[in-house]
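Number of protein chains: 2
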Amino acid sequence: MSKLCGTLREAMERAGLENGQTISFHHHLRNGDFVLNMVLEEAAAMGLRDLTVCASSVFDCHRPLIGHIQRGVVTGLETSYLSSAVGRAVSQGVLDRPVVFRTHGSRPADILSGKTHIDVAFLAAPASDCEGNCSGKYGPSACGSLGYAFADAQKADTVVVITDCLQDYPLTDASIGEELVDLVVKVDAIGDPAGIVSGTTRMPRDPVALRIAELAAQAIDAAGLIKDGFSFQTGAGGASLAAAEHVRRRMLERKVRGSFALGGITGYMVDMLQAGCFQAIQDVQCFDLKAVQSLREDPRHREITAAQYASPASKSTAASHLDAVVLGAAQIDLDFNVNVHTDSDGCIIGGSGGHTDVAEEVGLTVVAAPLSRARMSIVVDKVLTVSTPGSSIDLLVTQYGIAANPGRPELRPALQKAGLPVKDIRELRELAESINGPAAPCQPPRERVAARVLGRRGEEQDLIYTV
Amino acid sequence: MSKLCGTLREAMERAGLENGQTISFHHHLRNGDFVLNMVLEEAAAMGLRDLTVCASSVFDCHRPLIGHIQRGVVTGLETSYLSSAVGRAVSQGVLDRPVVFRTHGSRPADILSGKTHIDVAFLAAPASDCEGNCSGKYGPSACGSLGYAFADAQKADTVVVITDCLQDYPLTDASIGEELVDLVVKVDAIGDPAGIVSGTTRMPRDPVALRIAELAAQAIDAAGLIKDGFSFQTGAGGASLAAAEHVRRRMLERKVRGSFALGGITGYMVDMLQAGCFQAIQDVQCFDLKAVQSLREDPRHREITAAQYASPASKSTAASHLDAVVLGAAQIDLDFNVNVHTDSDGCIIGGSGGHTDVAEEVGLTVVAAPLSRARMSIVVDKVLTVSTPGSSIDLLVTQYGIAANPGRPELRPALQKAGLPVKDIRELRELAESINGPAAPCQPPRERVAARVLGRRGEEQDLIYTV
Chain H
358 MSKLCGTLRE AMERAGLENG QTISFHHHLR NGDFVLNMVL EEAAAMGLRD
408 LTVCASSVFD CHRPLIGHIQ RGVVTGLETS YLSSAVGRAV SQGVLDRPVV
458 FRTHGSRPAD ILSGKTHIDV AFLAAPASDC EGNCSGKYGP SACGSLGYAF
508 ADAQKADTVV VITDCLQDYP LTDASIGEEL VDLVVKVDAI GDPAGIVSGT
558 TRMPRDPVAL RIAELAAQAI DAAGLIKDGF SFQTGAGGAS LAAAEHVRRR
608 MLERKVRGSF ALGGITGYMV DMLQAGCFQA IQDVQCFDLK AVQSLREDPR
658 HREITAAQYA SPASKSTAAS HLDAVVLGAA QIDLDFNVNV HTDSDGCIIG
708 GSGGHTDVAE EVGLTVVAAP LSRARMSIVV DKVLTVSTPG SSIDLLVTQY
758 GIAANPGRPE LRPALQKAGL PVKDIRELRE LAESINGPAA PCQPPRERVA
808 ARVLGRRGEE QDLIYTV
Chain Z
358 MSKLCGTLRE AMERAGLENG QTISFHHHLR NGDFVLNMVL EEAAAMGLRD
408 LTVCASSVFD CHRPLIGHIQ RGVVTGLETS YLSSAVGRAV SQGVLDRPVV
458 FRTHGSRPAD ILSGKTHIDV AFLAAPASDC EGNCSGKYGP SACGSLGYAF
508 ADAQKADTVV VITDCLQDYP LTDASIGEEL VDLVVKVDAI GDPAGIVSGT
558 TRMPRDPVAL RIAELAAQAI DAAGLIKDGF SFQTGAGGAS LAAAEHVRRR
608 MLERKVRGSF ALGGITGYMV DMLQAGCFQA IQDVQCFDLK AVQSLREDPR
658 HREITAAQYA SPASKSTAAS HLDAVVLGAA QIDLDFNVNV HTDSDGCIIG
708 GSGGHTDVAE EVGLTVVAAP LSRARMSIVV DKVLTVSTPG SSIDLLVTQY
758 GIAANPGRPE LRPALQKAGL PVKDIRELRE LAESINGPAA PCQPPRERVA
808 ARVLGRRGEE QDLIYTV
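Protein chains in written order, with the numbering used here: chain H, 358 to 824; chain Z, 358 to 824.
One chain only, chain H, in its complex shape (with noise of 0.2 Å):
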C-alpha cells in the first residue's frame, strides 16, 4: 500500500489517531507554520478530543490551538517554547493540565529515552518524496535544517510527512529518511514563506542595543577567547546579532581562523563562515533564508539533529564544544538566575529554548540585556521563573557595565584589565531602581499552577502559576 495520501484527513485516519494520543510538531517553519493549524482543524473535524501536543516550540501563527484548547481538542501541552499569544491564555488558565516545559535539549533525550511517548509525528517538510525521504532545504517553504524533528521521527509510533513540495523518489539530499516515515500526504502550503524569517532575527538600531552588544563582544574578548579555534553562537534577539557584528570585526582585524558558530544560524554566521572567522556551521535551525541558502551548497555548513545539538542524554554535543554564548534574558536576578519564560506580569512569553541547555555548557555564558525594558528592571532580587540557574551563567552586559557572576572569580580580574566598565549586579540592581522606581513587587497568586518547568535532567526545576 503506498504511504502516499490524498488528503491530510486520509493521512489522520491512516495513522489511526485516537482521543487522548499524543501527536508532536517541529518548529523550523517558526510564526509562518501552517501545519500545526491544519493538523488541528481536522483533528477538531474529525471529533478527537484530549490530544497531547507535543511541539519543540508555539509560535503567535498557533493562535488558533487556543480555541482547540477551549473545545477540549487539545488539553495537553508540551513544548520548549511559547511565544505569548498562546503563552498568555495558558497564563490565564486556559488549559486545566499544566504546560509542561522542557529545553531543546531534553526535549529529544526524554523522546529518544522513551520518557515522552509520541503516536503520531507530524512533520512538515518542505521536501519529500513519495516515501518520505525528506528534506529542509528545498521547495518553496524551505526552512533549512530539521533539527528538532529527528527524534521525533525516531521514536514516534507513527510518522506522518506533510510537505509542498513532492519530489521524485529518491530525494538524495534527505535529512531525514524513508524506513521512519508511515504517511506522506502533500498539501498546498506548509507555511508561509516570509514567517519563516522571524523578525528576531533583525539587526537593531537602536543605541542601546549597540553599546551593549559592543561590551559583550569587548567582554569575550577580555575573557581570552577571540582567537585560533575560537566557536560561538548567538541568540537570534537584535543585541546578540550586534555583539555577533562586534565580534566578526576583532576576528577580521586579527585574523583570528575560529572553529565553529553554532545555533539557530542566522545570515550573520553565514557572512562569517564565508569570510574566514569560522570553518564550519553547525545548525539545529536556520533563522532566515541566507542560513537556508548556505546549509543546502556549503558542505562546511552542517545541519546537527537536536541531540547533537544539546541534549544531556548524548555522548557529546557541539554546545560542550563550545566557547562563548550571547543569550537574552527576560529578567535576571541577584544569583544571576535568568528567566526567559515569563514576563514581569508573571506571564509566559517565551521558553528556555536552547538557553539552558548551552550555557550549562558552554565555556563562557554572556546574557546580553538592556538594564530595563518599557521601564521595568530586568536586574530584579529573584526571577519570576528560574529558566536557566544562575550557576550556568557567567556574564550579565547592559550599556551601564557588566557583572560577573562570582562563581567565576577569574572573569572581574579580567575585564577590569580590559577596562571594561565592571559593576558588581547589585549595584546594577540599584541603578536600575534608581532609574525605573521600586519594582512593583509582582507574585502571581500561587492557587493553580500553569506551567512545570523541567530542568535539563527532567527535575522539576520551577513552577508558573496562573495570573
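Worth double-checking, as some hints may not be accurate.
Heads up, the list lumps identical chains together, so a pair's fine if it works in one copy or across two of them.
[As the list claims (entries may be wrong)] Computed list of lysine-lysine pairs in DSBU-like fashion (alpha-carbon distance at most 30 Å, straight line):
{"#": "1", "residue 1": "K472", "residue 2": "K672"}
{"#": "2", "residue 1": "K612", "residue 2": "K672"}
{"#": "3", "residue 1": "K512", "residue 2": "K543"}
{"#": "4", "residue 1": "K672", "residue 2": "K512"}
{"#": "5", "residue 1": "K584", "residue 2": "K672"}
{"#": "6", "residue 1": "K472", "residue 2": "K512"}
{"#": "7", "residue 1": "K584", "residue 2": "K543"}
{"#": "8", "residue 1": "K543", "residue 2": "K739"}
{"#": "9", "residue 1": "K612", "residue 2": "K584"}
{"#": "10", "residue 1": "K612", "residue 2": "K774"}
{"#": "11", "residue 1": "K543", "residue 2": "K672"}
Please keep in mind that the hints were generated in silico from the structure rather than gathered at the bench.
Following the hints, put chain Z in place on chain H, whose structure we already have.
Below, chain Z alone, put in the same frame as chain H:
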C-alpha cells in the same frame, strides 16, 4: 575528560571491555580491514576471553580470528558473510557455539530492536574528529558509505571510533555524529586501500560470463522493466557487472531515464549515473574507489544505512522500491532455493549479505550463474543450505538458457515472446548432469551444527553442519 585515547589499549580499557561481552565491527574496509584484527590482538594481550564478535561481514584478511577462536578469546560469531578462510575453519568445527548468520537487513533490525545487544562497537572510521563525528569519505583509507555501521553506533553501550585520519572539529560532512561516540583513538592505519577494492568487482572476460550477462539483461528487458523510472541493483560478481553493462547499453540506446541504482556500488553504477541512466544512487557500501569519489562529490549519490537499504523492520526501504536485481548463487535447486553460504562440499564460503533481503523485496530477482563451476553443477536437486528461499527468486539465467519460477507465470511467456531460450529448471538440472556427470551426493553428517542461518525475520531457516 577527552574522548581521545592515546592507544587502542587505553580505548579498550576505558570502554570497560570484559570477558563474555559482544563486540561489533563493520566491513566497509572489506578485505583490507585492519581493525577487527587489531582489536582482537589487543583483547588477547589483555587476557580477555569468551568474546562474541558481531561483524557485518568477515573476510579472508580476518584469518587471525581463527587463532583467537582456538585460544578462547573469541567463542561466539554473528555475521552476515563469512568468506572461505574463516568459513572453512568454522566448518571444520573450530567454534563450539554455532555461528549465527543474519542478513544485511535483519542484522540492523535486531540491533535496533535490542534483540542483538552490543557491548562495545569498534567503528573503523576513515576520517573522524576528536569527538567522533566521522565519515567514510575522506582520508587515506576512504571506503565511502558507512551504511553497515549506523545501527551499531546507535545502539552499542559503548562506541569506539578507530581512525587513521584525525580531522579538525567539527567534521561537517560526518555520517555518524559525536552524540553516539564515547571514545576516539588514532592508529597508524585502519586498512590497506588496495584491499578495499575487492577482486570480485572486476568485469569478467570469459565468454560464458559474458553470455550469461547478456541473457540476464535481455530477460530484464523482456520482463518490461527497462523503461523510464527503472531501478536496478547488481551484486559485485563479474556476471552481475557484465549484466549491468548490457543493461546500460539498452538504456542509452533507447534513452531510458531510470530512477536509481542501489546496493553495494561500483564504478559501473557511477558511470551509469553520469551517463544519465539513473538520477540517483543509494549506496549502502562502496565496492571501489570510483564509487567512493562519487559519494564524496556527487549530491545525487546518497549514503544510506543498512536499515534504509533493506531492514525488514523499516517502514520502507530502498530495496522495496527496486525493480530488478541480478544476484549470484553457489547452488540453486529445483524449487529455486539459493545457496550462497556453502560450497559443494558443505564448507562455509560466504553468506547471504543483502541477497535474501533484496530478493524478497525487489520486483524481479534474477540469479545469474554458470551451469557448472569446477565441474560441479550449480543447479541441484536440493541446495545444501537455503540462504534465500525460492519464493524470492524469479529467474535463473545460465549460459544454456533461462528458467522462470512457476510462481511467476507471466515471466515464461514474456521471455518466449522476446525469443529468449527458456528452459524448465529441471531441463537445466539434467543438462548440468549430462555435462558434469551425476553429482556426488554431498551431505555432511548431521552431527554438529556449525552455523544457524536465520531468515529475514529471525526464524531459523536452515542449519549448516560441520564437515
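Results of checking the hints against the structure:
1. K472 x K672: both (18 Å within a copy, 23 Å between copies)
2. K612 x K672: neither (33 Å within a copy, 50 Å between copies)
3. K512 x K543: Within one copy only: 23 Å inside a chain, 33 Å across chains, cut-off 30 Å.
4. K672 x K512: So K672 and K512 pass the 30 Å test inside a copy (19 Å) and across (12 Å) alike.
5. K584 x K672: The answer is within: 27 Å in one copy meets 30 Å, while 48 Å across copies does not.
6. K472 x K512: Both, since 11 Å and 17 Å are each at most 30 Å.
7. K584 x K543: between (48 Å within a copy, 26 Å between copies)
8. K543 x K739: Answer is neither; intra-copy 49 Å and inter-copy 49 Å both fail.
9. K612 x K584: Classified as within: same-chain Cα gap 9 Å, cross-chain 56 Å, threshold 30 Å.
10. K612 x K774: Within one copy, since 23 Å is at most 30 Å while 73 Å is not.
11. K543 x K672: This pair counts as between: shortest inter-copy Cα distance 19 Å, intra-copy 37 Å.
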